[in-house]
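Position chain A relative to chain V; hints supplied.
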Amino acid sequence: MPEEVTSLNSAADRFNEERLIQRIREGEHELFYELIRPYERRVYSAALAILRNEADAEDAAQEAVLKAFKNIRQFRGEARFSTWLIQITVNEARMWRRKERAHLVEPIVDREDAEGDYIPRDFADWREIPSETLERKEVREKLAEALEALGHIYREVFVLRDMQHLSIEETAKALGISSASVKTRLLRARLMLRDLLAPGLGGTWNTRLHFAKGTKPW
Amino acid sequence: MVVNCEQVWREISNYLEDDVDPNLRVAMEAHFRECERCRSVLEGTRNVIQLYGDERMIDVPLGFSHRLQRRLEENIQPSRRSFLGWMVAAAAAVVTAGALELASSASSRTPPLRSEHAQPGAGIPPDLLVVVSDNAKTFHVAQCPFIHDRKTVRTVTAREAQQQGYVPCVRCMKQYLKQT
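Chains as they are written, first to last, in the numbering used here: chain V, 1 to 218; chain A, 1001 to 1180.
It cannot be assumed that every hint is accurate.
Stated by the list, open to error - Derived pair list, reagent style SDA-like, types lysine to any residue, alpha-carbon separation capped at 25 angstroms:
1. A:LYS1137 x A:HIS1148
2. V:LYS99 x A:CYS1172
3. V:LYS70 x A:GLN1143
4. A:LYS1174 x A:THR1157
5. A:LYS1151 x V:GLU100
Unchecked claim - Simulated restraints, written as ranges between beta carbons of each label pair:
6. V:ALA11 x A:GLN1164: 40 to 50 angstroms
7. A:ASP1021 x V:GLU34: 42 to 52 angstroms
8. V:PRO38 x A:GLN1007: 33 to 43 angstroms
9. A:ALA1030 x V:ALA55: 45 to 55 angstroms
10. V:GLU34 x A:THR1152: 19 to 29 angstroms
Hints are computed from structural coordinates only; laboratory data are not their basis. Since this is a predicted model, take the numbers as computed values, not measurements. In this text, a Cβ means the ideal position worked out from N, Cα and C, and glycines have one as well.
With the rest of the complex left out, here is chain V (with noise of 0.2 angstroms):
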């Protein structure tokens, strides 16, 4: 699988963005909304991927990029800053998981990494859902719906892993966890997903799915 190759990495981009850093630290404020605005889609995507609420994901992610700001001078720059960003992320919107829903109990299966080895389910040859298709809001939804009943350890994993590109050593130090559970949880996670949206199985493995077998948007 490639690196992580987009436009916000390269060393131009880093060299602009330290300097936004500097600049804003010796008290351009203003500049802080130009610094994040390259993140703030993966900001709430995390915020999301713990929350699974919209309204309560907008709060958070807010919340984290007022942190970032009120902490600025905290950054030392040996990650990137956008890694220090998603960690803050994290934190709040674990924290407001917390508080939220602190009447709730978490099922087992969110809190702890299941045992054993996944068996993939589905077998049949694989039928390619193409990129184009994601054009169309429908097969965003199903695709969202799937990433929504993964257990929250390995969604969050997932998330920002393989759809924000994180590094798997970046993932783990914005979750707090080993690289090898990074791996661990996104294999799991990868493998639920291809289930989820194989095409004989109909989900059926998550009754808060309903794909029903022929009536997938692909």
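Chain A alone, transformed into the frame defined by chain V:
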């Protein structure tokens, strides 16, 4: 080196990350050539990564950027300036405040209320931060559960809300309605 299906499934994610040792990679490739089931798992997993990795899968709610920007503007103090800069800004502020005061007193005489059934409220602190939305008639405190059309919600002061014809929410602004 020969691998079975279970070993392949265990390593398939690392295989796609190009994070397996070369001998294992060769063994897995040989297995994929022979085993249709594992090929299906490989193709599906690769497809999953490709689809979810697409930028289009990160979707933010309408107006998200705008609301975030506003929140930052409300909470981040503007730049430090030079003394001269401050003096100029202060003078401008005095002029603007005067103009606003005039506008405010002019508009406060006949604010066209958005709802003819509503009470205008009394004693509402003019600088109280409230929220309004485009197609609504009332203004609310941010936590009020009765805010309509949350997608267009924006934060303003109570004075601005009233100048724009908004009336106080009968639930969250109840305390100011009792005084009328």
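| field | Indices of hints not satisfied (ascending) | value | none
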